[in-house]
Structures are given as C-alpha cells and as structure tokens.
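Chemist: These protein sequence lines map, in sequence, to chains A and B. For the first sequence, my numbering assigns the number 30 to the initial residue and increments by one for each residue that follows. For the second sequence, my numbering assigns the number 30 to the initial residue and increments by one for each residue that follows.
Just so you know, the hints here were simulated from the structure itself, not pulled from any lab data. Check the hints yourself; a few may be wrong.
Copies of the same chain look alike in the list, so a pair counts if it works inside one copy or between any two.
Restricting the straight-line Cα-Cα distance to at most 16 Å, the calculated cross-link-like pairs of lysine to aspartate or glutamate (EDC-like) are [as the list claims (entries may be wrong)]: (1) LYS173 to ASP308; (2) LYS45 to GLU137; (3) LYS256 to GLU597; (4) LYS256 to ASP544; (5) LYS571 to GLU597.
Chain residues, written in single-letter form:
There are 2 protein chains.
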Amino acid sequence: MADKIFRVNMADLSTKIEDVPEAWMGHGGRGLTSTIVAAEVVPTCHPLGEDNKIVIAPGLLSGTTASNSGRISVGAKSPLTGTIKESNSGGTAAQFLARCGCKAIIIEGLPKGDAWYNLAVSPEGITIAEESEVLGMGNMAAIKIIKARTDDKIALMLTGPAGEMKMSAANISITDPSNDIRSCGRGGLGAVMGSKKIKFITIKPGKNKVEIANPEAFNAANRVFTKALSSHPVSQALGQYGTNVLVNLINESGGMPTKNFTAGQYADHEAISGETMHDTIVERGGKPKHNCHPGCVINCSQLYNDAEGNKLTTGFEYETIWALGADCSINNLDVIAKADQIMDDIGVDSIEVPVAIAVAMEAGVLEFGDAAEVLRILTEEVAKGTPLGRIIGNGAGSVGKAYGVTRVPVVKNQAIPAYDPRAIKGIGITYATSTQGADHTMGYTIATNILGVGGSCDPLSKEGQIELSRNLQTATAAIDSTGMCLFIAFAALDDATCLPALIDLLNARFGISLDGNDVVNLGQHILKTERAFNQAAGFTNKDDRLPEFFYKEALPPHNVVFDFTGEEIDSFWDF
Amino acid sequence: MADKIFRVNMADLSTKIEDVPEAWMGHGGRGLTSTIVAAEVVPTCHPLGEDNKIVIAPGLLSGTTASNSGRISVGAKSPLTGTIKESNSGGTAAQFLARCGCKAIIIEGLPKGDAWYNLAVSPEGITIAEESEVLGMGNMAAIKIIKARTDDKIALMLTGPAGEMKMSAANISITDPSNDIRSCGRGGLGAVMGSKKIKFITIKPGKNKVEIANPEAFNAANRVFTKALSSHPVSQALGQYGTNVLVNLINESGGMPTKNFTAGQYADHEAISGETMHDTIVERGGKPKHNCHPGCVINCSQLYNDAEGNKLTTGFEYETIWALGADCSINNLDVIAKADQIMDDIGVDSIEVPVAIAVAMEAGVLEFGDAAEVLRILTEEVAKGTPLGRIIGNGAGSVGKAYGVTRVPVVKNQAIPAYDPRAIKGIGITYATSTQGADHTMGYTIATNILGVGGSCDPLSKEGQIELSRNLQTATAAIDSTGMCLFIAFAALDDATCLPALIDLLNARFGISLDGNDVVNLGQHILKTERAFNQAAGFTNKDDRLPEFFYKEALPPHNVVFDFTGEEIDSFWDF
Numbered sequence: 030m031a032d033k034i035f036r037v038n039m040a041d042l043s044t045k046i047e048d049v050p051e052a053w054m055g056h057g058g059r060g061l062t063s064t065i066v067a068a069e070v071v072p073t074c075h076p077l078g079e080d081n082k083i084v085i086a087p088g089l090l091s092g093t094t095a096s097n098s099g100r101i102s103v104g105a106k107s108p109l110t111g112t113i114k115e116s117n118s119g120g121t122a123a124q125f126l127a128r129c130g131c132k133a134i135i136i137e138g139l140p141k142g143d144a145w146y147n148l149a150v151s152p153e154g155i156t157i158a159e160e161s162e163v164l165g166m167g168n169m170a171a172i173k174i175i176k177a178r179t180d181d182k183i184a185l186m187l188t189g190p191a192g193e194m195k196m197s198a199a200n201i202s203i204t205d206p207s208n209d210i211r212s213c214g215r216g217g218l219g220a221v222m223g224s225k226k227i228k229f230i231t232i233k234p235g236k237n238k239v240e241i242a243n244p245e246a247f248n249a250a251n252r253v254f255t256k257a258l259s260s261h262p263v264s265q266a267l268g269q270y271g272t273n274v275l276v277n278l279i280n281e282s283g284g285m286p287t288k289n290f291t292a293g294q295y296a297d298h299e300a301i302s303g304e305t306m307h308d309t310i311v312e313r314g315g316k317p318k319h320n321c322h323p324g325c326v327i328n329c330s331q332l333y334n335d336a337e338g339n340k341l342t343t344g345f346e347y348e349t350i351w352a353l354g355a356d357c358s359i360n361n362l363d364v365i366a367k368a369d370q371i372m373d374d375i376g377v378d379s380i381e382v383p384v385a386i387a388v389a390m391e392a393g394v395l396e397f398g399d400a401a402e403v404l405r406i407l408t409e410e411v412a413k414g415t416p417l418g419r420i421i422g423n424g425a426g427s428v429g430k431a432y433g434v435t436r437v438p439v440v441k442n443q444a445i446p447a448y449d450p451r452a453i454k455g456i457g458i459t460y461a462t463s464t465q466g467a468d469h470t471m472g473y474t475i476a477t478n479i480l481g482v483g484g485s486c487d488p489l490s491k492e493g494q495i496e497l498s499r500n501l502q503t504a505t506a507a508i509d510s511t512g513m514c515l516f517i518a519f520a521a522l523d524d525a526t527c528l529p530a531l532i533d534l535l536n537a538r539f540g541i542s543l544d545g546n547d548v549v550n551l552g553q554h555i556l557k558t559e560r561a562f563n564q565a566a567g568f569t570n571k572d573d574r575l576p577e578f579f580y581k582e583a584l585p586p587h588n589v590v591f592d593f594t595g596e597e598i599d600s601f602w603d604f
Numbered sequence: 030m031a032d033k034i035f036r037v038n039m040a041d042l043s044t045k046i047e048d049v050p051e052a053w054m055g056h057g058g059r060g061l062t063s064t065i066v067a068a069e070v071v072p073t074c075h076p077l078g079e080d081n082k083i084v085i086a087p088g089l090l091s092g093t094t095a096s097n098s099g100r101i102s103v104g105a106k107s108p109l110t111g112t113i114k115e116s117n118s119g120g121t122a123a124q125f126l127a128r129c130g131c132k133a134i135i136i137e138g139l140p141k142g143d144a145w146y147n148l149a150v151s152p153e154g155i156t157i158a159e160e161s162e163v164l165g166m167g168n169m170a171a172i173k174i175i176k177a178r179t180d181d182k183i184a185l186m187l188t189g190p191a192g193e194m195k196m197s198a199a200n201i202s203i204t205d206p207s208n209d210i211r212s213c214g215r216g217g218l219g220a221v222m223g224s225k226k227i228k229f230i231t232i233k234p235g236k237n238k239v240e241i242a243n244p245e246a247f248n249a250a251n252r253v254f255t256k257a258l259s260s261h262p263v264s265q266a267l268g269q270y271g272t273n274v275l276v277n278l279i280n281e282s283g284g285m286p287t288k289n290f291t292a293g294q295y296a297d298h299e300a301i302s303g304e305t306m307h308d309t310i311v312e313r314g315g316k317p318k319h320n321c322h323p324g325c326v327i328n329c330s331q332l333y334n335d336a337e338g339n340k341l342t343t344g345f346e347y348e349t350i351w352a353l354g355a356d357c358s359i360n361n362l363d364v365i366a367k368a369d370q371i372m373d374d375i376g377v378d379s380i381e382v383p384v385a386i387a388v389a390m391e392a393g394v395l396e397f398g399d400a401a402e403v404l405r406i407l408t409e410e411v412a413k414g415t416p417l418g419r420i421i422g423n424g425a426g427s428v429g430k431a432y433g434v435t436r437v438p439v440v441k442n443q444a445i446p447a448y449d450p451r452a453i454k455g456i457g458i459t460y461a462t463s464t465q466g467a468d469h470t471m472g473y474t475i476a477t478n479i480l481g482v483g484g485s486c487d488p489l490s491k492e493g494q495i496e497l498s499r500n501l502q503t504a505t506a507a508i509d510s511t512g513m514c515l516f517i518a519f520a521a522l523d524d525a526t527c528l529p530a531l532i533d534l535l536n537a538r539f540g541i542s543l544d545g546n547d548v549v550n551l552g553q554h555i556l557k558t559e560r561a562f563n564q565a566a567g568f569t570n571k572d573d574r575l576p577e578f579f580y581k582e583a584l585p586p587h588n589v590v591f592d593f594t595g596e597e598i599d600s601f602w603d604f
C-alpha cells in the first residue's frame, strides 16, 4: 500500500487521507516538509495565524531496519525566525508514522473556539478529539497520563506549557523508547502547534512493514553502512562521552563562546566536560550510552543521575551544557542537568533559552553564574509565562530587544549555538547563510574545522570555508531527507563505503537508481526551495549576516573577528 | 555667517564645527536629517550601536518670522522599525538652533564608560559635560532642575526614563514656550539618545537673526501665508477643539479603530470627543488654545485641567485620546489625560504605548477598559522598566510577540494610529508604503478621504487612493523640510494663495527661485533617499504590507477589508 498524506484541518476539525502528489514522491523528511511548506504556506503569513501549516514527515528510510534512520522532520514557517523551518528529532515517532503508512501529516487552519485538541494516528488514519486533562501540564507528567490513558507503546509528539503559551522557543517534544524526551527544538514549532490548539499527537506503532523493493540489497547495504557508522572514531567518542565530548575540544580551539560571546575559552571547562560527565554518570549508576530511537548504533544519549542516583536528565547535549556552562558561566553540571530537565518539561529549546539568559545576564537582569536564579527563572518565570518568562521564552533576540542590548548572538533572530564564528569561521558561513537562522546542524563545519573529519580546513582562515559550508549544507539537506541522524556525516565524510551504502539503501528501498550526483542535486534543490520561500517572505542577503559585534569585537584568545565581506558570504549561493 | 554643522563624537567626547557640504545646502528639517542619515549611517547597523547617528535639524524657515515654521526634525535609524526615521516636533528647539547658526547637529559614536552626558548648544558651538543630577528622573522634574541650573529661556531636548532604558517607544521630549512637553514621539529616537548616554541637550535662544535675502518679499509672502493658514476652516476647528475634533468625525466615518481594531466605531465616543474636551477645559479654567512654538497661528494645543483646576496635560492629541479611548475602551477623558501626563513624563510615544496596551488587553494581560490598571502599568511597570514595562515600552509589536497575538496593528513594527485602513483606504496606502512604518502624518489622506480638503476621495473605494497618498507623501516630505507644521497642508490644499506664498518665503529667505515643480522634486527625492536606505538595510516590498488581519477580518459597521493587492501597493513607487 502506497504511503498517504494525512491532512488535518483544524478550522472545521476535519481530516482527509490523500494520495501523495507526484511532485512529492521522491521526498521525505526535511525535503518533504520544506517542499510542502513552500507549496502550501503563504510565505508572508503570520506564523501563528490560520495560513501557517505544520508538516510532519518521517524520512525516506524511516521505519526500515536501516541503522540510525529514525529522525522525524517537522516543518512550518517559524515564529522565531520568520523563515521556513525544519527541525528534526529522534524518538519513535518517525518509525511509527512510516509504519502507519503516513508519508506526511499536514495540519492546517486554526480552531474557532477555546477548546484544545489531540490527534491520534494509526494505520487507519488520523482522528481529532477534544483534550482538557493534560492542558497546562509539564511534559513529564503529561506523557505519563497520556500513555496510561492510551497505550504505553505509542509515540507521542506534544507541546509543553511553552507551546501552549506560544513562546517562540517552544519545542515539539517527542518520546523515545524509554519515554524520555527528544525535541524538535529550534525555531518555535511548539508555538505553531500551540496556535492550532493541539496539545499532543499519538502515533500507534503500526503493523505495516515498510515495503522494501529489494530486501536483499537493502540488508547488504545496511551491513556496510552500519559497519562504517559504528567504526568511525567520532561515532565511538559520541557513544562514550556524548556530544559533550566537544567541551574540551572546542575550548582548546578558542572558539567556545563564553560569557555571552565575550571570550573564546571558559576557565571552568573541566567542570562541565564530557570526560567529567562520563565519570559522574558512571559513578552515580547512570548510563553513558542511550539511544534516542531503535536502530541507532551510535548511542550518543545518556542517562544522567543526581548525586542520589535519581534520574536528572537524558539527551544531555554539548550545546545545552555549553550554553548554561560557558555562556552563562555556570560551572556545575548538576545545575545544568537540572535546568535541562526543567527545559524539557516546559518544552523549550535548550539552546535558545540559555543563550537568551546569557543576554539577560549581560543586561543585568541576573548575574553571570547565578545558578539559583537561572533555575528560579526557568521554574517561576518561563514555566508560568510571567512577563520575564515571556521575554526569555521568546529567545535571545527578544531579550536583546527588551533590554536594548547590542551584543545579541542571533542570525535571523535564532540564537547562535556553541561555536564562535570568529574563531571557527566555517560555522559562521553556515550561521549566516542557513535558510533557517543560526543553526550548527545545517552545515556542521566543526567536523572539518576542528575534528579533522572530511579533511582539514584551518578554522582561523577564511580559505575554503564557503565551499566547505556549501558542501555540508547540501549534504545535510539530503541526509535530513532520509530520516538519518546527522551523525552519519562523520562516517560519510571519511569512510568511502558509507555514502554509497546509504545510496544503496535508498535504491533498494524504492527500487530506484540514484547516484551521488542525485543526492547532491536533491540537497541543492532543497536549499533553493527553502531560500525561495524566505525570499518570498521578504528576506534578502542583508539577513545573511552575523550581528555587527562579530565584525567589531576581537575574540580572545586568538583576538580574531569575523571578516567575511557581504559579497563573499553571498557567493555561498553561487550554485 | 553661514550655518554650520555641529558634530559631536561621543566615543572620544569631541566636538567639531564644520562647514555645510554643498550637497546638503538646499536641505533642512527632514530632507536634511534623511540626507545625512543616508550618507553617514550604515543601513544594516544596530540602531543602538556605535554606527547609528542622531541628526537634529531645524527646518529651512525655522528661526524666521514665518508663521508655523518652528518644527524640529530628528533623524536616525529607528530601533523600533529598523528603517530610517524622521520624527518632528514643535517646541522652541528649532528656532533657537537656527538662531545659533546651526544647520544640523550630528551625534555619533557611543561613550566608553558608564557616565552620562549633556550637550549645550550656543551660537559659539556645542559642548559636552558629564551629567548625573537628573538621571532616572521623569521629564517634568528634570526640566525644572535643568532650567533652574542653566537658564529658564533655553530650549531643552531630553530623553526620559524610557530613553535611558532604551525602550523602542522612547521619545525625545522638547520644551515649548510654557515649558510644557512636545515630543519627537515615533520610532524610539529617545532610545538612540539613551544609547549614546545623552540625557539632555540645552539650546540657547541665540542672538543671531536668521539672515533673510529679501526681507520685504519675505514679509509680504508671510502675510499672504498667514492669512491663508488662519482663515482655513480646519485651522479654525483645530484651534477650537484641538486635533481631538476628529473623534466624532472619524467615528462617524466608521473608521475609528476600537477594541484593538475589532470595530470601526466606539459607542462611548461622546465621552472623549473634542466637543466634550473643549467644554471640560473651559469649565475648569484651562486653555482651549495653546501654541507649541512662537509664531503658530493655529494653536491646536490646549491646557487640560483636572476637576480641581490643576494642570493635567497639554498637547492632548486625538491619536492619544483615540488609543486610550476607543482602542483600549477607556471612556474617561480625565483618565486619558492623566495617562498622557504620565507618558510625557516617562517620555514614551503616546500612540505606540496605548496601542501596545490594547494588544496586551487582547492577550488577557488586563481587561479592556481597565483604567486603573492602565495607570498602574504606566507608573509601576513602564516607568520602572519591569519586564512587563519593557514589553509594553517596546511597542505593540513587542507585546504581540511576547504573547503570541496575531491581531497586532503595526507596519514595519510601528503601531498603526487612529484611522482604520479598511474603512479609510487611502491611509492604508500611507501606512503600507511609508518609509518609516505606519504613520498617519507621512501622507495624511484623512484630509481628502474624510475632511473634504483638497477635493474628495471616497474612503471606502480603492479609486484614487494610491495617487492621493503619493501626492500627500511627496508634499509632506517637502513640508517637513521647511520647519513648517504639517497643519499648513489644509490651507495649502484648498487655498490657491498658500503654497505659492510658502515658496515665496523660501525664495525670499535664500535668494533663490524655486517653483512648484522644485518642491515636488524635493519631496520625491527625499522619499527615494529614505527608501534607498531601507532597501540597503534589507527592506523589500514585502514590508510594504499591512498585517494579514486587515485583509481577512471585515470591520464593522461597513464590513470592509483592506483589499489592495501587493502589485497595487507597489505601484505607489512608480515615480
């Protein structure tokens, strides 16, 4: 049975199962969400108004046995950036959706009254029901209640209190195999879900096996692919230390933004490093390895316990630890883990909100390093939607505007994450040119600039950075369409067997015959589709720039500025 | 002695007196501020950063005996809109500056430390001194102290607590002949002044008479001009009722935005009308007529007393009364007057802030009509810079973002004033296309759409509105360059002697020979200069649009939407 589009109209509370239009056939994940958003959403619409749509799509390989293929893509016009947005996450939603025969869910319109709703997806289709029980509840409590009420095995996509309040940093939170939380974190997609008054979506595991055109070839390719993934040293480091392995590496490079981007090294980096985290986890009986979806062979997640051995948080990422650690100067992993737990429960982006707090620290709202006040602000202000909570819950740009701060690390109003573009210049090109605001995952030049993956490219030199970012952004757009985790990129860049195996997986799945050029073309096509949406929404090359302080304030210890001209940045788009 | 540029560099606390470059010679007021901002300010700069500049310029006729020629223009890149901005005001600053031989003040750079400063202008030049005494003080108290310390006769330009806190709705406040407050209100120029840590600027009256090339012709022209002004019926109505004469007229038209732009008529309009206001003023021993600068023959200002006969406010404008009255549904002129007094004292735009409060009412922060809470919010939140005060003090767009509201009446993030563009379509074209965000004074089509001045043009029909707005925006740009009050436009549109007399005044002042075409060319040149700045800052035709609710929600009682296509709006710029 061919996959279908599950369409939900919240204006009249109707649902429809539609055939997939020819033009969308070859797309999945980000390629599909961006294609549908570009086709159906008015680019100039208000992101929280009736003309915006939420598109949810598993990747092309999701639901199959291919390793690491369980990412779910959610797309819409972003209330944070005003651009097109795709945010992807682990969890079980992608695999279950695929096994429900769902190519994509499209949610359109706004309901008329004050009632809230939930959606239920099964192989039979999608239904809408009124919801009141879990409104206003934190994600942890809501997940327990919903699962008890429905089925513990479902995948759950939900918006927390932040999304109900339509904060621009609101996540769509997604359950993983342990009922822990993964997040579509960037760009405020939870607010779009909140605007449509959808508290949660349940997805039954599905009974349909995803059809494989050539199972034998598929399994053979998957063996090669899995071996390439699991044998790459970065995969192994990620399995051992999580993404937080980066603290010491990025600090050493001088590119770890510290105290709201005023320095490139954090004196207390050891206190928050991946090595410290690993030892703490082991000591307290947590789990250094944990997967966000079945079939992951990297296991970069972990279970971080408190001193008493009780679970504090999971999916504890470098970027979150950096943001609260170096950027807010909180040198205590337990506090950061507690903050991460609270942010997961509220359902806010754990990059955007801590970067916003660092800007508030610069504004004098609280002191750098004031851990207690950070926890209080998250619990008493953001979670409750007080005025200060709204200012912070709407992100770093919002704090900058509220307090008249000029050192505000955002591009297209989205917070710049954990890599300073002055000392790691390639990532600056990604931040500037990304179709979705500042986002390291759009073209992770850190791989080549710092980790020596895919060759090398001096992070302090301008040379080669534009091409590097272009190649990685192109590849990423394609990878984000497959349902694959971005962390396959390390193996793909270094191991000659990896990318061909991935292409073989796609070919065997669909009975087609893509080659490497097709993948590049797909990636370029997605980038151009997204950029065209943004241009139609009013974005220009003037938006493809970093905030002026990166050009003016030299970053210690290298004392470097971001020195790409506008013309150089614009040449990114010469393809 | 030829006029000079007084240049102040806050980075090194230096000042310079410069000759006026040839290219700036023929400009004054808005034409000069926009020319200088376009020439010297990096269009993409942060408005509160070191690359923005404040330009202050009297008009071409300011300082002369020409009637109504005392408007001062202040220009910069706006922190509210991100566009170029000119905001003009009455008061004595323009005339005194002209008599100090100052063609324009240019203030650039940011001071390095925490100290604040004041500037003092005299015929000898401009000086910088540290200031601490009046920091944090409301405008009323600050004016008294500064005048006692310096000279009661000086003109004073100051920024209130809102500007010190860099709120995007912060005014630059200007003293008038009675030491009451006039405001450069729109676009947050007070925040730019605050960013440069300038609390106030004193301007000595100056002893130099402004040179007149042909005094006899000047005086003859001024007689004709003055007669045309003072005999026009709208001038007379403005003298009797102030601008608030408009409440009943606009309400009758069905274009008075009510309850955050959900209706076009306000049931309690009589309670806040110009007629009621006039009677109340007379009854309480106030003054129905009051001038904002010497030489005004219209006297649209007034002194509004409380029930005990004590001064409550002056310069009590229709747009403020509309915003707190109809838009916030406060049917009590005394409360509105009190709020106006508080806003003058804090130094915030009395259009932007009340429109922001109405959006907050829609968000449920307070109830429509809750007068006590409005006064509390102004006094306890905005004045003190609490988080809610910052949200509101940064304008209607800020409130909309903080609370996820979609019905947010702004264009280029500046609040739409007192005329609904659905029922008065010409003004919608002005809001959409203005180089400075929504601003009725940029091309006041109300004159022709509603008042029957300069012909007639059905407010409910699309026909003729684009041409009308274009002609008025062009004329306004030219008028704003002369130092003339915009209210000369009524006479200029209807009385065949008025505009030639104005041109004669310019010719006699400078010994030149402009004709009507030169005035049109000047206006068009200014509009194009301003638009080019905005385009270089990243604005496109997508920014020349009204919020989507104006296209979707029909406005009672006429049940009309704003129905210009994008292409039609863009044709505004075909000149």
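Chemist: Decide, hint by hint, whether the structure agrees.
Modeler: Evaluation of the provided hints:
no. : hint             : verdict
1   : LYS173 to ASP308 : neither (30 Å within a copy, 66 Å between copies)
2   : LYS45 to GLU137  : within (12 Å within a copy, 60 Å between copies)
3   : LYS256 to GLU597 : neither (39 Å within a copy, 60 Å between copies)
4   : LYS256 to ASP544 : neither (21 Å within a copy, 83 Å between copies)
5   : LYS571 to GLU597 : within (13 Å within a copy, 26 Å between copies)
In summary, the structure is inconsistent with hints 1, 3, 4 from the numbered list given earlier, while agreeing with the others.
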